[in-house]
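Undergrad: If you want the building blocks of each chain, they are given just below.
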Amino acid sequence: MSFPLLTATAVLPALGAVATAAVPAARRTAAKWLALLVSLATLVLAAVVAVRFEPGGARYQLTETYEWIPAFGVRWELGVDGIGVALLLLTALLIPFIVLAGWHDADPSPSSPPRSSGGHPKENANNRWRPTQGFFALILMVEAMVILSFEATDVFLFYIFFEAMLIPMYFLIGGFGDRAHQGGEEAAATQRSYAAVKFLLYNLAGGLIMLAAVIGLYVAAGSFSLPDIVAARASGELEMGTNTERLLFLGFFLAFAVKAPLWPLHTWLPNAMGEATAPVAVLITAVVDKVGTFAMLRFCLGLFPEASKWATPVVLVLALVSIVYGALLAVGQRDIKRLVAYASISHFGFIILGIFVMTSQGQSGATLYMVNHGISTAALMLVAGFLISRRGSRLIADYGGVQKVAPVLAGTFLVGGLATLSLPGLAPFVSEFLVLVGAFARYPVVGVVATFGIVLAALYTLVLYQRTMTGPVKPELAKLPDLRVRELAVVAPLIALLIFLGVYPKPLTDLVNPAVRHTMSDVQEHDPEPEVEAAK
Amino acid sequence: MENLIAPLIAAPLLGAAVLLCGGRRLDKAGHWIGTALAVASFVLGAVLFAGLLGRGAEDRTLVQHLFSWIPVEGFQADVAFRLDQLSMTFVLLITGVGSLIHVYSIGYMEHDERRRRFFGYLNLFLAAMLILVLADNYLLLYLGWEGVGLASYLLIGFWQHKPSAATAAKKAFLVNRVGDMGLSIAIMLMFTTFGTFAFTPVLGSVGETGEGTLTAIALMLLLAACGKSAQVPLQSWLGDAMEGPTPVSALIHAATMVTAGVYLIVRSGAIFNAAPDAQLVVTVVGAVTLIFGAIVGCAKDDIKKALAGSTMSQIGYMVLAAGLGPIGYAVAIMHLVTHGFFKAGLFLGAGSVMHGMNDEVDMRRYGGLRKYMPVTFVTFGLGYLAIIGFPGLSGFFSKDLIIESAFAKGGVQGWILGTVTLVGAGITAFYMTRVMLMTFFGEERWRNLPAASPDAPDVEPAADHGGVPHPHESPKVMTVPMIVLAFGSVFAGAFFGIGERFVHWLEPVTAYEHGHPPVSALTVTAATVTVMVIGVGLAWLQYGRRPVPVVAPRGSLLTRAARRDLLQDDFNHVVLVRGGEHLTRSLVYVDHTLVDGVVNGTAAGVGGLSSRMRRLQNGFARSYAVSMFGGTALLVAATLLMRAV
Amino acid sequence: MNPVNYLYLAALLFTIGATGVLIRRNAIVVFMCIELMLNACNLSLIAFSRMHGNLDGQIIAFFTMVVAAAEVVVGLAIIVSLFRTRHSASVDDAALMKL
Amino acid sequence: MSASAVHGLWTDLAAPAAEPIARIQAPTIEYAQLSPVLIVIGAAVLGILVEAFVPRRARHYTQLFVAGVALAAGFAAVVALSVSGYATTEAGIAAEGALAVDGPALFLQGVILLVGLVALFTFAERRLDPAAHGNRVDSFAAQAASVPGSDGEKAAVKAGFTTTEVFPLLMFAVGGMMVFPAANDLLTLFIALEVFSLPLYLLCALARRRRLLSQEAAVKYFLLGAFASAFTLFGIALLYGYAGSVSYARIAQVVEGTVKEVSPALAGTMGNDVLLLLGAALVTMGLLFKVGAVPFHMWTPDVYQGAPTPVTGFMASATKVAAFGALLRLLYVVLPGLRWDWRPVMWAVAAVTMVIGAIVAITQTDIKRLLAYSSIAHAGFILAGVIAAKPEGISSVLFYLAAYSFVTVGAFAVVTLVRDAGGEATHLSKWAGLGRRSPLVAAVFAVFLLAFAGIPLTSGFAGKFAVFKAAAEGGAAPLVVVGVLSSAVAAFFYIRVIVLMFFSEPTPEGPTVAVPSPLTTTAIAVGAAVTVVLGVAPQYFLDLATSAGTFVR
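Protein chains in written order, with the working numbering: chain A, 909 to 1444; chain B, 87 to 731; chain C, 785 to 883; chain D, 24 to 576.
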């Protein structure tokens, strides 16, 4: 039994979370550094995983299997395919930046004396409420659970962490809201808890319906092990009735569609991203939501190929609606973070589209999209966060001419925006174009409609940039400081990565292609042949 | 030798990277670095050109395969470059004119504290443009295509503190995006049809697929071309693009980028040849734009906007020519090159004028400047003669060829197109003469300017420009490039045209075939010259003989429409902008009330149900007992019923 | 006579008792109605015991009596304490907790 | 009924009379197998004696000691029995067929004993209330007989009286509850029911604060309980009438028609299914009343709110365990032959219970009432497992009960800590910002709430999954869907409390969190520990439940 690498990647941040939470109240900075170190160490482990993983090799590698709850047929069964590795890397990569970006977000604000007991000086003395420690501990806890849900090849195991990650997320959203809020601390608090509850209820409802499906799956398949079930289905020794399969598919898909989020189940995202601090917003959209799309690719298609095909038309339509609808709403937003949220909804539409057009370009594109969208949104959102924390407002109208006073900030913001509108040469272009081609190859109309998304993306991004960064400088912004070293350290690597993956995505595609081949064989689909076999 | 292609692109790219990431410490040397790298890439281009000349006409195609860009199942996109006569021509044009304009900018942007960044953007543009013309497949071309779009966005909006500039930049990018949609759809079509989008296989196997597909592809490519080359209906951005610094207008919006559309069409010639319907559309678009641009050019008082209109119209010529098929491709490119010379020269001249006139752009506030800036006057004048097709100068050769080819299209189409091009030539002569006269001749209107008068709100009070200007000649660093370009605009045409040197050079790529106009070439030439003279005469009658009012007269309906770009902007504003705003606003409402409302409604419903059910819990033990009793009764009844059924 | 009739009687008594519980206010009376129900049960038990000819039913009846007695003890204790607090034995007065 | 039958009857009765008296053989009692029950009941009796003879000052500790030791010993006995195989292989009927000593019985008795022990700690807590006149006071009335607010009460308080009788009462209740799921004939069932009900009625009335509510709760609980038990008894009578016996095995045989030597009378009644169905329905109703299933649930909120919180905790957990145990045995041992009749009905009951419990809870404003409704919803979930009518059903229910009871007792223990001037601050608005005041307590309570909500990695999830899985395998898929939907609704109000505790600013006059003695601390700690352990590593306990999952007949 070799070293349980995958388990380690998850256990490390979990322990880190506990340790961070245990740091005494006074030693706030220590907690921050601890969290940062842990996240970096996790990144290292993830890198090791990526190195040990052979793209050409077996479908699931570095597998580990321990009995956990035999009574439920649940095993601690981990394993990664290319897609898993890619997303594992993304997660492990983003968390350090999130930690670094959120460095001061959870410091007890001087204005409203420590977020604890409303003005009890006596109690503040022996106040045991430690927001900072909690904040970073929760982030690490989320990381651990997300990583596990990327690694789990046991449906039940996946489900457990899919659900459990809601709780720390919920506290992150509800407990550490965006200080830059119109309407004072009171309004902020109510809005925040509304957003948190909305987030939790949406996802919990989806998750519980999925629970029914999970149970149903066990009744139908007698096992939770994804590889076993897939193999059994392929070999035909496991027969699900058509209706059973469809119902189970719906149960799973619903949960993932809420998480993803797919129109019309998306409305929790803008609230959550708007109210949460920028790093947490990144955590939501760049990391946690990816679990949803990832799960569609791995579980919906893997477990219920027939039902997936059956549902494809509807899903495609919903995805298209998400793309256009999200983009249009992004244009209509007055709040920077909500704008980014709707943009993300549009992008998730692309991802889901890529997954369900059932072409290898589409699915590779979707997978790359998950990674690239993670990075690009992180870049854009974090810079936006830095901007917001400077001005103390989220309203686009409160900005203008920032480019003049803080050129570096504006520049990075622009690059993030260009990535969001998937400019060729930046990573998102590769994935978006693959998705479009993949879609077009099977459903030309769908492809064309989706292409409108790129125009709208340009619209909302450039409008945002124009209104905030260009034009005459607003007097309140005259003294706006440019990016600090810490902030630059967050943004620069992300941008570098965007450019690199845009010019040379080969490492990623090499990782993903075999996995996509497997998925395609799961759903027994082949890419449509080109009309003429061009003279190569 | 093909290994030189990558460095050719890398040089300006490096410049861009260094200048943009370098930070303030490079402010001192920034412009020199930029210029040096631009020149370097020109030198490399020259070397390659020499190399090509050293080869036989047939194997003048170099391919450099760098690496595999996006390797995915059944999808191959490589970073590979292809240098043939066509791209070579462009390389020389881009790097040559580019370098000149770099030099020019050193002087022009001297007082701008963000000069380093400006040069960074210029280098970025060069790199992107080179990628565009050197790409070996359509996807990589797309990369360059959007790259130049980005550079143009950054440069148009270079003076971001001016809202007008920012808006113009955004507009340019968005309109181009619409065109890009066309390009990406075209690429998808190629992929699904041919399984690839590299030039050789696609263009090689055109014959194996139906005309319908090809027409679709061609039209999509045309859409892209319209966006980039400011052809109707996507031309609206070019006028506003003049918000950018003048060197930018010269390089990007006159000489190089806007001609990318022509390049795309010529490059995809094989597809268009197989899709005659599409070709017809191309010619129509070209013809319409030709007239459209010309008319706009006649009405504008802003010197740069007038030139922009002319650019539009000249590119219309090229597109029209490209639409003619093998007869026209080479001709189109030839006009493109010559136009590159004289239009760049004209813009630089305009820039020089503005430089000397405190950035005044309104020609009605010029006049009689020839004494004050002789070099500018001469170079500008040569460019002017070239563009109106004065016999012997470069414009004469290229435009004349286009007109011939138009007639040579044959049949009714031929006659129509030919006439249009002729008329266009006339109008060109008219508006260029107008510019010439208003700027360099007549009384010196700038001496006594009126204050802003309510009846003419578009007239800015002179105070804005720092009192009465003191027109003066620009420094050497600016005049030298102008001189060089003027040189080009004088002799390039003859050099290319005599003995059809140019078309033969391009023949291997664009398969030139000599057109046979229904009337002899001589007649056509004669007609052209006559029309040109008429145009000049009319212009002189209107602007030479009588003094030009400082405040623009109200003018005829057409004039007023032309001043507003023939109302196309208003149309866009009403239909797209307003409509879009309404759409988004209503959608926001829908999202909040409907989509969200459903969920909140459900929640509220459950809550209401809950509070209604609570009332049953009325605290009276006896009512609890009743419910128990009733429950028992139900239980019993149900059990018995179960047995009954 | 036919023991079945005793069952009918028992059922009748039981119903009367139940109805009493539902309609009477005084806690004591309600309680007595419950006792009546218990006795109805006893009656039916005896009847059945007689029918089946074994003694189980009668034995249960004895147990029931004991239980009833115990209930009286507990019940009266509670009711009386309530009465002393509120000076009323009406079950409807004791309705502080609701909703 | 024919004359001949009467004659036969006469002879039957006459026959034994002829026999010599000496031939009556004494019943055989398996003391070893009954030891858990005997120990607890014995301790209860001993407690009474303590009340009689031990001086007042020493009573509290003596009682605590006696009860604690007894419960521990009882648990030890249970463990010993199950280790020596009575849970599985040796399982058998004891005490002349009155009690079953088998897996479920022992498992549930064990659970009840542990819960009783934990509850005992909360009963004995004397640090929460401020000391009155220098002597520590627990949460029970100084003198139950004294009128609230009267001079008598003041005097009692001054004299430092405490109702130490609660300990024997608790022990009796525990004893009854232990017998309840083990009862193997209807008579024992009924007696056990009364034995654990009557002490509870009394305990409800003994609150120190808010005595009016307490007494009202007692009255309601008593009257309705008695009402229900009357129905139960009538049902028992009818079943007896149908089968001519109260022994589970016997009745089951009759129901399945596998009985030998059918007497003519039996033949007469056997044919009469109305007796059977009516009786079965009434007995079931009695049990449903105890588990608090809709529509027999209405006593739950009032009683839970009014009773002293430690009692509520004990009642909420232990009663459910005992009652569900009895229900399981009734349905699986006595009425399996009737499955096709009761399953659809129970389906309906379960569904309605889940839904109503969850929905009504949403708008509650009192934490104790909230938990009451949540307990109703949970009763529905457990019923879903009961309905499975498979071995998995039994074991899953056993596990759920174990998990649920500890969460509940722990949660109520936390409730006792949050206090303001008027005693416990049970109104939700008072809980605002608790997480800011004392993160630890709030966090623990949050854990309990999450367990109630069935979030993974808590015992609540494991249990919920177990019962739903069993139900699904038992072909009750729709019920599972209803279940998950209502748990989605239920999640809402658990979350609401968490929001209140953590995300809303504390009110200046908000409650304080009393620092408890080790007793309550232990209680809460145990609850939390079990919650987490059963959530993360439930395997051992699931195995236990599975191996204990077969009834003896």
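These aren't lab readings, by the way, just hints derived from the structure by calculation.
Since this is a predicted model, take the numbers as computed values, not measurements.
Some hints here could point you the wrong way.
[As the list claims (entries may be wrong)] To give a feel for the contact side, a few chain C residues facing chain B, derived at Cβ under 8 Å:
| no. | residue |
| --- | --- |
| 1 | 802 |
| 2 | 805 |
| 3 | 806 |
| 4 | 840 |
| 5 | 849 |
| 6 | 850 |
| 7 | 864 |
| 8 | 868 |
| 9 | 881 |
[Unchecked claim] Reference listing, derived: stretches of chain D covered by chain C, where coverage requires no fewer than 3 residues with Cβ under 8 Å from a Cβ of chain C:
| no. | segment |
| --- | --- |
| 10 | 282-296 |
| 11 | 304-313 |
| 12 | 467-481 |
| 13 | 488-499 |
Every residue, glycine too, gets a C-beta built ideally from N, C-alpha and C.
Undergrad: So which hints don't hold here, by number, going up?
TA: 4, 5, 6, 7, 8, 11, 12 and 13
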